[in-house]
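J.: In our numbering, the protein residues as written are 1172 to 1400.
Not one of these hints is a red herring.
Below, in silico cross-link-like pairs of lysine to aspartate or glutamate (EDC-like), each with a Cα-Cα straight-line distance of 16 Å or less:
id, residue 1, residue 2
1, Lys1207, Asp1260
2, Lys1391, Asp1325
3, Lys1316, Asp1260
4, Lys1237, Glu1222
Derived CB-CB ranges, DEER-like:
id, residue 1, residue 2, range
5, Leu1326, Tyr1359, 35 to 43 Å
6, Pro1365, Lys1322, 42 to 50 Å
7, Asn1392, Leu1224, 31 to 39 Å
8, Leu1282, Cys1311, 24 to 32 Å
Worth flagging that the hints you see were computed from the coordinates, not collected in a lab.
For glycine and all other residues, C-beta sits at the position ideal for the given N, C-alpha and C.
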Amino acid sequence: MKLNTSQLAALFDPSYIAECCALIAAIFLLRKGARKWQLFISFLLFTVIIETLGWYFNDVMDTGAKYLWIYNLYFLVSAPFYLVIFSNDALLKPYKRRFNLTIWIFLGLALVNMFLGQGPTTVNYYTHVLEDILLAMVCCYLLYKNLKAEKPVDLFHYDYFWLANGLLFYSLGNITMYLFYKFLKGYYEQTHIPVGLYIINVLNVLLYGSLIAAFICRRKNMRSLSESS
1172 MKLNTSQLAA LFDPSYIAEC CALIAAIFLL RKGARKWQLF ISFLLFTVII ETLGWYFNDV
1232 MDTGAKYLWI YNLYFLVSAP FYLVIFSNDA LLKPYKRRFN LTIWIFLGLA LVNMFLGQGP
1292 TTVNYYTHVL EDILLAMVCC YLLYKNLKAE KPVDLFHYDY FWLANGLLFY SLGNITMYLF
1352 YKFLKGYYEQ THIPVGLYII NVLNVLLYGS LIAAFICRRK NMRSLSESS
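Start from the sequences, fold in the hints, and give me the full structure.
T.: Following this line, the structure appears as structure tokens:
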């Protein structure tokens, strides 16, 4: 099966390239000392596989909406994953039980929405919005805790700061996209300019660029700890 230029261009868009760059960065920067952050390697590999499968089913096989269930599977993994990572930050560890409870509640609601609500064959955007709201709240709370901390933190060298910033902009951007979905769809039908796609690419580049910055900080912090010990 030969792939044409338009099919390859659909795969290697800014979002996909940013995801691959973040995966490569995670592999090289998150060594054994990174602890829970090593899970980013598996998570980002999973993300790239989901995006590749979505491209293959949509742009190569042209299967229609039958493949959309893979994105619902991704929603089931992404929110719990980020909540687990945040629960290991020193400022948020006292709330670990609440994080675990939140994860189970989210999974329950997501599964109910998938099988009794929007269904498995359509994108479960209710689940996606719930994920974005949860992550935005956690990011805001973490940033607030840092501002109120007695000991000042060098934010630009703080791995969770970059993670929270990237996720906050990404989550708020997604929520805004859903709020203005009808407007963006109508604008595209009139002008054929995919503004929504441009926004998605910008949000993904911001997110994965922030993740790379977080990985760099994580590696430097772990190296400093090992040298001091």
